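*Asks:* Residue numbers (this note's numbering), protein chains in the order written: chain H, 1 to 334; chain F, 1 to 283.
Don't take every hint at face value.
[What the hints assert, rightly or not] Quick list of in silico lysine-lysine cross-link-like pairs, DSBU-like style, CA-CA up to 35 Å:
| # | chain 1 | residue 1 | chain 2 | residue 2 |
| --- | --- | --- | --- | --- |
| 1 | H | Lys66 | F | Lys10 |
| 2 | H | Lys66 | H | Lys136 |
| 3 | H | Lys62 | H | Lys136 |
| 4 | F | Lys23 | F | Lys10 |
| 5 | F | Lys268 | H | Lys62 |
| 6 | H | Lys312 | F | Lys23 |
| 7 | H | Lys312 | H | Lys136 |
Keep in mind that the hints were calculated from the coordinates and are not lab data.
Bear in mind that the values here come from a model prediction, so they are computed numbers and not experimental data.
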Amino acid sequence: MDLLFGILRFLLATTLLLLMTIPTAFVVIQMELKVIAQMQLRYGPNRVGPWGMFQSTIHGFKFLAKEDHIPDQADRATFTLAPWMVYMAAAMSMLVMPFAPGAIAADFNIGIVYFFAVIGLSVVGLLIAGWASYNKYSLLGGLRSAAQMVSYEIPLTLSVVGVVVLGGTLNFRELIAWQQLHGWMLIWQPVGLGIFYIASLAEINRTPFDMVEADSELVAGPFTEYSGMRFGFFFFAEYVALFIMSGVMTALFFGGWLAPWPFPAQLEGFGGTLYGLLWFFLKSYMFVFVAVWLRATLPRVRVDQLMGMAWKVLLPLAMLNLLVTAGAVLVFNL
Amino acid sequence: MRIPGLGILKGMRQTGRNFWAPKVTRQYPEERPQMPDRWRGRLDLIYDPFGEHKCEVCFQCAQVCPVEAIDMSGFDSQGNRIRYGLPEIYEERKDPNAYRRAGLPAEPMRNVARWDEAIDTAWLGGVIDGFGARPEALIGIFSAVQERYGYLPERALRLISDTMVIHWAQVFGAAGLGGFRLLPTEGHLVTVCRCAACRFAGGDALLSALSDELGIAPGETSNDGAWSLETSDEVAAGAIAPAIRIDTMIYGPLTAVQARHLVAERRKSAAAPARARTASRPS
Numbered sequence: 001m002d003l004l005f006g007i008l009r010f011l012l013a014t015t016l017l018l019l020m021t022i023p024t025a026f027v028v029i030q031m032e033l034k035v036i037a038q039m040q041l042r043y044g045p046n047r048v049g050p051w052g053m054f055q056s057t058i059h060g061f062k063f064l065a066k067e068d069h070i071p072d073q074a075d076r077a078t079f080t081l082a083p084w085m086v087y088m089a090a091a092m093s094m095l096v097m098p099f100a101p102g103a104i105a106a107d108f109n110i111g112i113v114y115f116f117a118v119i120g121l122s123v124v125g126l127l128i129a130g131w132a133s134y135n136k137y138s139l140l141g142g143l144r145s146a147a148q149m150v151s152y153e154i155p156l157t158l159s160v161v162g163v164v165v166l167g168g169t170l171n172f173r174e175l176i177a178w179q180q181l182h183g184w185m186l187i188w189q190p191v192g193l194g195i196f197y198i199a200s201l202a203e204i205n206r207t208p209f210d211m212v213e214a215d216s217e218l219v220a221g222p223f224t225e226y227s228g229m230r231f232g233f234f235f236f237a238e239y240v241a242l243f244i245m246s247g248v249m250t251a252l253f254f255g256g257w258l259a260p261w262p263f264p265a266q267l268e269g270f271g272g273t274l275y276g277l278l279w280f281f282l283k284s285y286m287f288v289f290v291a292v293w294l295r296a297t298l299p300r301v302r303v304d305q306l307m308g309m310a311w312k313v314l315l316p317l318a319m320l321n322l323l324v325t326a327g328a329v330l331v332f333n334l
Numbered sequence: 001m002r003i004p005g006l007g008i009l010k011g012m013r014q015t016g017r018n019f020w021a022p023k024v025t026r027q028y029p030e031e032r033p034q035m036p037d038r039w040r041g042r043l044d045l046i047y048d049p050f051g052e053h054k055c056e057v058c059f060q061c062a063q064v065c066p067v068e069a070i071d072m073s074g075f076d077s078q079g080n081r082i083r084y085g086l087p088e089i090y091e092e093r094k095d096p097n098a099y100r101r102a103g104l105p106a107e108p109m110r111n112v113a114r115w116d117e118a119i120d121t122a123w124l125g126g127v128i129d130g131f132g133a134r135p136e137a138l139i140g141i142f143s144a145v146q147e148r149y150g151y152l153p154e155r156a157l158r159l160i161s162d163t164m165v166i167h168w169a170q171v172f173g174a175a176g177l178g179g180f181r182l183l184p185t186e187g188h189l190v191t192v193c194r195c196a197a198c199r200f201a202g203g204d205a206l207l208s209a210l211s212d213e214l215g216i217a218p219g220e221t222s223n224d225g226a227w228s229l230e231t232s233d234e235v236a237a238g239a240i241a242p243a244i245r246i247d248t249m250i251y252g253p254l255t256a257v258q259a260r261h262l263v264a265e266r267r268k269s270a271a272a273p274a275r276a277r278t279a280s281r282p283s
């Protein structure tokens, strides 16, 4: 009976998460359109629906309506597989996302490890996309994106190890419980937070580290040959990944579903789930907003600056941060 | 001291302010700008398909501009610097056209260069009457005037403008056409057409033959001043290529021998003093 219930729960949770990714992408894209427009002293889209609300949705349906073209020489199997892999990497990593107490799809003890393992899969998808397109520029784009994402995965993961060492757990729920007791990780790991934020921007190809796509220069790097909904999946995956990175940053450093001080940090029961959802989404979308804000502010960095930043600044800093954290845990017996 | 990341924060402050700042977008179909009644849009010169200005400095735009806002200068086809604009000196305000524009009865102009040129007004009036004083007859009248004086005296043009009630700008613009001269020149001007059609039909041979006959290179005048040789892109005789123009008369199609013959004939007749061009000008 327990097993049956478990399977049912799992099916329901995964279905809900998969369904959730599409509106999430729409909301994030809409935010990007509107917020960047406002920061450039424009109004942005304001014709489709009230305040132009459905602009991104219409974009999505536009992808559905477009011809889905596969180049003659492309490897059909892998060409078809690539957008699926990238999208699933984003969607699957949502399994361990701690939305609210009682609203975690799979609350298992190595959630953080699982998350970083799965989010890294999108690199494979991008490489496949570049290779399968039978286009040397797509292949180069795929290699560039692999180089960037693999480089930044190292400081990204190392910056989280400090959090894990301090919290003593690899489970998101327990980590949030630790933060409720000791205060948000933000206070304990400010350097880790900075490294995590910069590395996460590069990991999901956001400005100022979006040379992989560089819409205006490269015609979308590895996705050059993709059209229609296949391209739409890459596109969505990117924006879902932005939300996911913001959500994980919320969980790791900003107390997840916990409310800040003047409010009751947590409520009980179903109300508590809703209350947690409210705070989680509020915080997550705040970081999405900051990422969009950065995009409106910063130009792209050069590729050598990007690589230099990863290996010469972030990696040593993350190592040092980990060393100091581990030392402090040993010495003060935290 | 340089603080890493400070520049990013400054930039974000700017974009953050912009986020709340009033927007500059004009919602076009709903919000329409109030244009002044006399707004005529952006003024621009037009170009022909070859990318050349279509403006020929004919002054017609300046002439019709109701507020006299157009001031222009340029070179006419004879290379003379010409200018049209607001009357800047008091005398210029007495220009008949300034009166005409102001709706006042126009009087003959008093401050004209070469005003002292003697013009046979009765004869000119007869010519104009003979053509019926129609604007499209301007070219014919010009031809007659140039035939008599060897060039188009400014006074004659002013008289034509006043008598026929054609804007000075239009008369002057028409006088700038190829074949008319605005300055007195001694002797004959031989123009060899260099348009594509004429060159194709053997215009180069004509030019070298004439150069040889007259003993001068293109663009030069003979030592006694009686003959000048020049080339032009606009003899405008496409159907009779290759063509040459001697003063106002256009001849074509010609062979090199015929061209030599034409010039040689004229040189012979020019040797007779009674036919000398300068002699026909009244004193």
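*Asks:* Now tell me if each hint is right for this structure.
*Replies:* Now the hints, each set against the structure:
1. H:Lys66 x F:Lys10: Since the Cα atoms of Lys66 (chain H) and Lys10 (chain F) sit roughly 42 Å apart, the hinted pair is violated (cutoff 35 Å).
2. H:Lys66 x H:Lys136: holds (24 Å)
3. H:Lys62 x H:Lys136: The hint holds at about 28 Å.
4. F:Lys23 x F:Lys10: With Cα atoms ~21 Å apart, Lys23 (chain F) and Lys10 (chain F) stay inside 35 Å; holds.
5. F:Lys268 x H:Lys62: Outside the cut-off at roughly 86 Å; violated.
6. H:Lys312 x F:Lys23: Violated. Lys312 (chain H) to Lys23 (chain F) sits at ~42 Å, over the 35 Å cutoff.
7. H:Lys312 x H:Lys136: Given that 35 Å is the threshold and the Cα spacing comes to 30 Å, the pair holds.
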